[in-house]
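Here is how the chains run, residue by residue.
There are 2 protein chains.
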Amino acid sequence: MIRIAFATRNEHKVAEANRVLKEFGIELYPANVEKLEIQSDDLEEIARVAAEHAFKKFGKPIIVEDSGLFIDALNGFPGPYSSYVYRTIGLRGVLKLLDGCRKRDAYFKAAVAIALKNDLVMVFTGVVRGSISLEPRGAYGFGYDPIFIPEGFNRTFAELGEEAKCSVSHRARAFRKLGEWLASNKQLLSPNNLNDDSGGE
Amino acid sequence: MIRIAFATRNEHKVAEANRVLKEFGIELYPANVEKLEIQSDDLEEIARVAAEHAFKKFGKPIIVEDSGLFIDALNGFPGPYSSYVYRTIGLRGVLKLLDGCRKRDAYFKAAVAIALKNDLVMVFTGVVRGSISLEPRGAYGFGYDPIFIPEGFNRTFAELGEEAKCSVSHRARAFRKLGEWLASNKQLLSPNNLNDDSGGE
Numbered sequence: 001m002i003r004i005a006f007a008t009r010n011e012h013k014v015a016e017a018n019r020v021l022k023e024f025g026i027e028l029y030p031a032n033v034e035k036l037e038i039q040s041d042d043l044e045e046i047a048r049v050a051a052e053h054a055f056k057k058f059g060k061p062i063i064v065e066d067s068g069l070f071i072d073a074l075n076g077f078p079g080p081y082s083s084y085v086y087r088t089i090g091l092r093g094v095l096k097l098l099d100g101c102r103k104r105d106a107y108f109k110a111a112v113a114i115a116l117k118n119d120l121v122m123v124f125t126g127v128v129r130g131s132i133s134l135e136p137r138g139a140y141g142f143g144y145d146p147i148f149i150p151e152g153f154n155r156t157f158a159e160l161g162e163e164a165k166c167s168v169s170h171r172a173r174a175f176r177k178l179g180e181w182l183a184s185n186k187q188l189l190s191p192n193n194l195n196d197d198s199g200g201e
Numbered sequence: 001m002i003r004i005a006f007a008t009r010n011e012h013k014v015a016e017a018n019r020v021l022k023e024f025g026i027e028l029y030p031a032n033v034e035k036l037e038i039q040s041d042d043l044e045e046i047a048r049v050a051a052e053h054a055f056k057k058f059g060k061p062i063i064v065e066d067s068g069l070f071i072d073a074l075n076g077f078p079g080p081y082s083s084y085v086y087r088t089i090g091l092r093g094v095l096k097l098l099d100g101c102r103k104r105d106a107y108f109k110a111a112v113a114i115a116l117k118n119d120l121v122m123v124f125t126g127v128v129r130g131s132i133s134l135e136p137r138g139a140y141g142f143g144y145d146p147i148f149i150p151e152g153f154n155r156t157f158a159e160l161g162e163e164a165k166c167s168v169s170h171r172a173r174a175f176r177k178l179g180e181w182l183a184s185n186k187q188l189l190s191p192n193n194l195n196d197d198s199g200g201e
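The listed protein sequences derive, respectively, from chains P and A.
Position 163 of the first sequence, counted from 1, bears residue number 163 in our numbering, the numbering being contiguous throughout.
Position 75 of the second sequence, counted from 1, bears residue number 75 in our numbering, the numbering being contiguous throughout.
Looking at chain P on its own, in the form it has when it is part of the complex (with noise of 0.2 Å):
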C-alpha cells in the first residue's frame, strides 16, 4: 500500500477519495499543511497553485483538492467560490437566484493536484453533470448535495447516499483518474519520498 498527503481536513473527503483509490494500492493519509487557495475562474489553477505551494511547506509529495459547482443558468456561479456562497447565502440563497428559472442545468467539478517535485504538478478532473432541484432534499453528504440531482437519477445527493454518490461523483472521478496514472507511473513515486511520520510504509 503506497500512502501519499492530502492537504484537507475534511475528513469526508479523505474517505470518499480511500474508497476509490483502494484499488490502486494507493492510500490517503489528511496532512495538516497550510493551504493556499488563489482567486481564479479556473478550478485546475487554483488546485495547482495549492499544490506547488503544499509541496514547498511540506518538502514530500502532496495531494491537494478542489471543487465547486457550476450552474448554467447563472453563468457558473458559485463555481470556484461555491464555498463561500454556501457560507453566506446558502441554498436558500441558490434556489432564490434559479427561482422561476426553468433551465436548471448544472454540474459539478473536481480538480485533484498531486506534486511530485517542485516542477511537476499534475491535475486530474472529474465531472458530474445534473440540475438544481426545487427544494433541498435528503440528509446525506454535506454542501450542495441536497439540491443537486445527478443526470440518470431523480434523487439528490443528499437522497442518493454514499455508495450512489461514490459510483458517479466528480470527486469519485478525479480521484479515479489519479489512481490510474499513478498506477502506470510508480516510478515517480520514490519510497523515501512518501514516509510519512504515522507510520511505516
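Where hints are given, some of them may not hold.
The list treats identical chains as one, so a pair stands whether inside a single copy or across any two.
Claimed, not checked - Once the Cα atoms are required to be at most 27 Å apart in a straight line, the calculated DSS-like pairs of lysine-lysine come out as: (1) K96 <-> K56; (2) K117 <-> K57; (3) K57 <-> K35; (4) K56 <-> K117; (5) K177 <-> K56; (6) K117 <-> K96; (7) K117 <-> K35; (8) K13 <-> K60; (9) K60 <-> K22; (10) K22 <-> K96.
Since the hints were made in silico from the structure, they are not lab data.
With the hints as your guide, set chain A onto chain P.
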C-alpha cells in the same frame, strides 16, 4: 512629488487614488505586476498577501488595493468575491437575492496595502456604509455603483458622480489613511527605491 507603483490595470482606480494622494505630494503610477489574490473572507489579508507577493516580483515599494461590497442580510455576500459575483449573477442577481427584504444595509470596504520591504507591509482600510437600492440607477462609475446608496444621500454612487464619490468612497478613505501615514513616515521611502522606468525624480 513622490511616485509609487500601484499594481493595477484599472485606470479609474489610479485616478481615484491620485485625486486623494495629490495633497500629500504622492502620485501613483500603474505597474503591470502579476497579482496574487488569495481566497479569504478577510480583505486585509488578501491585500497584505498580494502586496508581499508583488514586492517579491517587483523589487520596489508597491501598492495593491482590494475592495468589496458587504451586504448585511446576506451575511456579507458578495464580500471579497464581489468581482466574480458581478461577472456571473450581476446586479440583477444581487437584487433578486434581496427581493422582499426590507433590511438592505450594506457597506463598501477597501483595503490598501503598501509593501515597503520584504517584511514591511502596512494595510489601510476605508469603509462607507449605505444601503442597496431597489433598482440600478445612474451611469457613473463601475461595478456595484448603480445599486449602492451611501449614508446621508438618497442617490446611488452611479447617480452622484465623481466628486461625491471621491469625498465619501471607501477607496478614497483608505488612500487618505495611506497618504497621512506616508506623510509622517517619509523616511521609509528612500528615493533610490522609488525610481520607476518611466521618468526621473
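Here's how the hints hold up against the structure:
no.	hint	result
1	K96 <-> K56	neither (42 Å within a copy, 43 Å between copies)
2	K117 <-> K57	both (12 Å within a copy, 23 Å between copies)
3	K57 <-> K35	both (9 Å within a copy, 21 Å between copies)
4	K56 <-> K117	both (9 Å within a copy, 23 Å between copies)
5	K177 <-> K56	within (24 Å within a copy, 36 Å between copies)
6	K117 <-> K96	neither (45 Å within a copy, 47 Å between copies)
7	K117 <-> K35	both (17 Å within a copy, 24 Å between copies)
8	K13 <-> K60	within (20 Å within a copy, 42 Å between copies)
9	K60 <-> K22	within (21 Å within a copy, 50 Å between copies)
10	K22 <-> K96	neither (40 Å within a copy, 46 Å between copies)
The structure fails to meet hints 1, 6, 10 from the earlier list, while all remaining hints are met.
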